Amino acid sequence: MPDRLAVKDRHALLAALRREVVRTSAGVSTGIAGIDACLHGGLALGALHEVAAADFRAIPGAWGFLLALMTCIERKGVVVWPLVSGAFGIPYAPGLKSFGLDPRNFLIVRCRREREAAWAMEEALRIGAGAVVGARPRQMDLTASRRLQLAAQHSGTPVFLLRAHDDREPSAAVSRWRVAAMPGARDRFGLFGAPRWRVTLDYAKGGRCGEWVVEWNHAAHCLRLPAVLADGTQRRAA
Amino acid sequence: MTSASGGWRIAAADRHAQSLGITIGELLADVRARLGALEVREARPEADRQALMKLARWAACFSPYVAPWEHGLTFDIEGCAHLFGGEERMARQMRERLSRFGLTARIAIASTIGAAHALCRFGPEEIVVAEGKEEEALAPLPVTALRISQKQAASLNRLGLKRIADVARLPRAPLAQRFGADFVERLDQALGRLPEPFSPLAAPVAYRALATLAEPIAAQKHILDLARRLASDLVPALDRDGKGARTLRFTLYRVDGETRDVSIGLVAASRDAAHIVDLFSLKLDALAEDYDAGFGFEAARLDVLTCEAMAPAQQTLTAPGQEDTLSLLIDRLGSRLGLENVVGFKPEDTHIPERAVVYAPAAPDWSGESDAPRPLLMLPCAEPAEVTALVPEGPPRRFRWRGVFYGVAHAEGPERIRPEWWRKQQRPRSRDYYTVEDEAGHRFWLYRELMAEGDANPRWYVHGVFA
Numbered sequence: 001m002p003d004r005l006a007v008k009d010r011h012a013l014l015a016a017l018r019r020e021v022v023r024t025s026a027g028v029s030t031g032i033a034g035i036d037a038c039l040h041g042g043l044a045l046g047a048l049h050e051v052a053a054a055d056f057r058a059i060p061g062a063w064g065f066l067l068a069l070m071t072c073i074e075r076k077g078v079v080v081w082p083l084v085s086g087a088f089g090i091p092y093a094p095g096l097k098s099f100g101l102d103p104r105n106f107l108i109v110r111c112r113r114e115r116e117a118a119w120a121m122e123e124a125l126r127i128g129a130g131a132v133v134g135a136r137p138r139q140m141d142l143t144a145s146r147r148l149q150l151a152a153q154h155s156g157t158p159v160f161l162l163r164a165h166d167d168r169e170p171s172a173a174v175s176r177w178r179v180a181a182m183p184g185a186r187d188r189f190g191l192f193g194a195p196r197w198r199v200t201l202d203y204a205k206g207g208r209c210g211e212w213v214v215e216w217n218h219a220a221h222c223l224r225l226p227a228v229l230a231d232g233t234q235r236r237a238a
Numbered sequence: 001m002t003s004a005s006g007g008w009r010i011a012a013a014d015r016h017a018q019s020l021g022i023t024i025g026e027l028l029a030d031v032r033a034r035l036g037a038l039e040v041r042e043a044r045p046e047a048d049r050q051a052l053m054k055l056a057r058w059a060a061c062f063s064p065y066v067a068p069w070e071h072g073l074t075f076d077i078e079g080c081a082h083l084f085g086g087e088e089r090m091a092r093q094m095r096e097r098l099s100r101f102g103l104t105a106r107i108a109i110a111s112t113i114g115a116a117h118a119l120c121r122f123g124p125e126e127i128v129v130a131e132g133k134e135e136e137a138l139a140p141l142p143v144t145a146l147r148i149s150q151k152q153a154a155s156l157n158r159l160g161l162k163r164i165a166d167v168a169r170l171p172r173a174p175l176a177q178r179f180g181a182d183f184v185e186r187l188d189q190a191l192g193r194l195p196e197p198f199s200p201l202a203a204p205v206a207y208r209a210l211a212t213l214a215e216p217i218a219a220q221k222h223i224l225d226l227a228r229r230l231a232s233d234l235v236p237a238l239d240r241d242g243k244g245a246r247t248l249r250f251t252l253y254r255v256d257g258e259t260r261d262v263s264i265g266l267v268a269a270s271r272d273a274a275h276i277v278d279l280f281s282l283k284l285d286a287l288a289e290d291y292d293a294g295f296g297f298e299a300a301r302l303d304v305l306t307c308e309a310m311a312p313a314q315q316t317l318t319a320p321g322q323e324d325t326l327s328l329l330i331d332r333l334g335s336r337l338g339l340e341n342v343v344g345f346k347p348e349d350t351h352i353p354e355r356a357v358v359y360a361p362a363a364p365d366w367s368g369e370s371d372a373p374r375p376l377l378m379l380p381c382a383e384p385a386e387v388t389a390l391v392p393e394g395p396p397r398r399f400r401w402r403g404v405f406y407g408v409a410h411a412e413g414p415e416r417i418r419p420e421w422w423r424k425q426q427r428p429r430s431r432d433y434y435t436v437e438d439e440a441g442h443r444f445w446l447y448r449e450l451m452a453e454g455d456a457n458p459r460w461y462v463h464g465v466f467a
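These protein sequence lines are chains W and Z, in that order. Counting in my numbering, the first sequence runs from 1 upward without gaps. Counting in my numbering, the second sequence runs from 1 upward without gaps.
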């Protein structure tokens, strides 16, 4: 009898483990099938994601793409944003709104040093924020990055870090992106349309790399591939 | 000695000097003539007063209600004596601790301030008077012990009323008429027949916990253990009254008489000892550099400075609700980085872009509704740019910002934002905002300050960047 029970237990355990594997590995769709496929299903929830700007001037675009990715995952919880002075200023609430983000949900933590920012991120993960965004501290080495990744995994909270374009430190992020600016779309009246970026997936844990031109739809609040229009302005994107 | 009428006079004398017959108020010249060589110093009343204040702050480790008077300290030890094992033991401990600073103490414990005062100065070195025995204890003391003026004392003495026993039983009305109402008041206050207000240095706190240590401690770990013990001492009292602490102060008393204190504020009322100690730990971490433990701390006190009603449900770190999580997070981040640095966005009712959002500690409702394009990142203050435009009032064609040239591929605007005339400001100028994209696809938010009469060139500024 005990043997049979043990076997039964083992089956139950295996089933539970399988469910756990499915739960933890399932990502959230980015809204673009090609990207989801490369990411092995979608953006992992409790994980560290890094977005780098291709060059200094692409930093605002990289922030934009980073927030766009975050919007895919988290729209309700508190977003903790440790803020160290940046080259392009500070986040502006009405601008965040156009990313479908509610400024009320942001908790801005003004830090004097990057070390404090790193600490604030870990605290936010420990206590359970909805998401954490911020600039990647310069001195964050592989160990510190792994620590953050483990903390994210443990809490199930996504972390999005903006990496400086010249930061070459290795990291434990499960996905690493590079963002370059691209001339945006024009609507049919020739006015500004959706902002557009050339996005490279440099590394995806258990997935493939890839490169896309994506744009952010301000109205539907989602990422999408640019439509090819007959007027020729979209040719480069296609 | 101090300079007074008739020349230098003796202001204070130590025990040895007094045994030689030197009395306070005597002329220095007389004493010199009598005794020969003397070692004298000029009295420094201001320095004395400051030293006494410092001692008073230190002495708060016996009772938080302490006030200095001219030559000593007055304590309200109600509810504190049992922490030291009774009044006699408390007095002994006080003497012992003061002797470590090289101070000799005269201590009197009585039920009225007046009696304690009189006995301290004119009674034995250490005395504890039981409640109701004040008259008996005061009887043999001279009337000057009653905190009365020298003139009053002299006129009492002239009439042969030298001891308190001589006046204690006399009818009050004639006494008041002859020697002044304040003399009678002092007398009755000392005997406990009239109340006497006491104003301690520190405002009374509702909840406090106190610990005195046998051995001084210095390590942060031990300090935190102590804080934990004190915090858990406070919790039952807070729990009983349905209160939660909002601000707390943790005071450490160093062996050499210095005090150190750390205050924390909580976003939401709490009586979770672990959480409170956590916050102190973070604060101590941040203070680590200028936190000089010296030879260690020998006593500590934890005060709840402000508290507010709190539902009796127990809150713990292990199972917090959504709102609790947020306030815990704000507390933790704020205790190390400063609560003023943990902020949310707050909309302001204005259309001047840089004023439309302020950082505010609380996250209120978001009402600012506008579909006008706004940048994702805003520069802390607008930075000047050199702009070439086809027509003076037209959109930019090229601009130079931070030393880099950008060719404008597309520009939209202007969006005119007028100054708020009801505000006093330096340059009340209208601005024309343009959203601009360069050839590589970077988007900027530029504005042109509208020219006043006589200005040669329009001034341009970059105010923000779009994603």
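The set of hints was computed from the structure by calculation and includes no laboratory data. Source: prediction; values computed, not measured. Positions of the beta carbon are idealized from the N, C-alpha and C atoms, including for glycine. Be aware that a few hints might be false.
Unchecked claim - List of simulated lysine-lysine pairs, DSBU-like, C-alpha gap at most 35 Å:
| hint | chain 1 | residue 1 | chain 2 | residue 2 |
| --- | --- | --- | --- | --- |
| 1 | Z | K54 | Z | K346 |
| 2 | W | K76 | Z | K54 |
| 3 | Z | K424 | W | K97 |
| 4 | Z | K221 | W | K76 |
To be verified - A partial selection of chain Z residues facing chain W, derived with a Cβ cut-off under 10 Å:
| hint | residue |
| --- | --- |
| 5 | R100 |
| 6 | T104 |
| 7 | A105 |
| 8 | R106 |
| 9 | D188 |
| 10 | G192 |
| 11 | N341 |
Structure-based check of all given hints:
1. With a CA separation close to 44 Å, the supplied pair K54 (chain Z) and K346 (chain Z) exceeds the 35 Å bound.
2. A distance of roughly 53 Å separates the Cα atoms of K76 (chain W) and K54 (chain Z); the hinted pair therefore is violated under the 35 Å criterion.
3. Distance check on the hinted pair: K424 (chain Z) and K97 (chain W) sit about 30 Å apart at the alpha-carbon level, within 35 Å; holds.
4. Using a Cα cut-off of 35 Å, the hinted pair K221 (chain Z) and K76 (chain W) is violated, with the two alpha carbons roughly 39 Å apart.
5. Against a cut-off of 10 Å between C-beta atoms, the interface hint on R100 (chain Z) is violated, since the closest Cβ of chain W lies about 40 Å away.
6. Given hint, T104 (chain Z) at the interface with chain W, is violated; its Cβ is 49 Å from that chain's nearest Cβ, farther than 10 Å.
7. With 10 Å as the threshold, the beta carbon of A105 (chain Z) stays out of range of chain W, its nearest partner Cβ sitting at about 47 Å, so the hint is violated.
8. Nearest Cβ of chain W to the Cβ of R106 (chain Z): about 51 Å, over the 10 Å cut. The hint is violated.
9. Taken as an interface hint, D188 (chain Z) does not check out: its beta carbon lies about 60 Å from the nearest beta carbon of chain W, beyond 10 Å.
10. Taking 10 Å as the C-beta cut-off, the interface hint given for G192 (chain Z) is violated, the closest approach to chain W being about 55 Å.
11. Residue-level restraint check for N341 (chain Z) holds (minimum Cβ-Cβ distance to chain W is 4 Å; threshold 10 Å).
Violated hints for the displayed structure, listed by number in ascending order: 1, 2, 4, 5, 6, 7, 8, 9 and 10.
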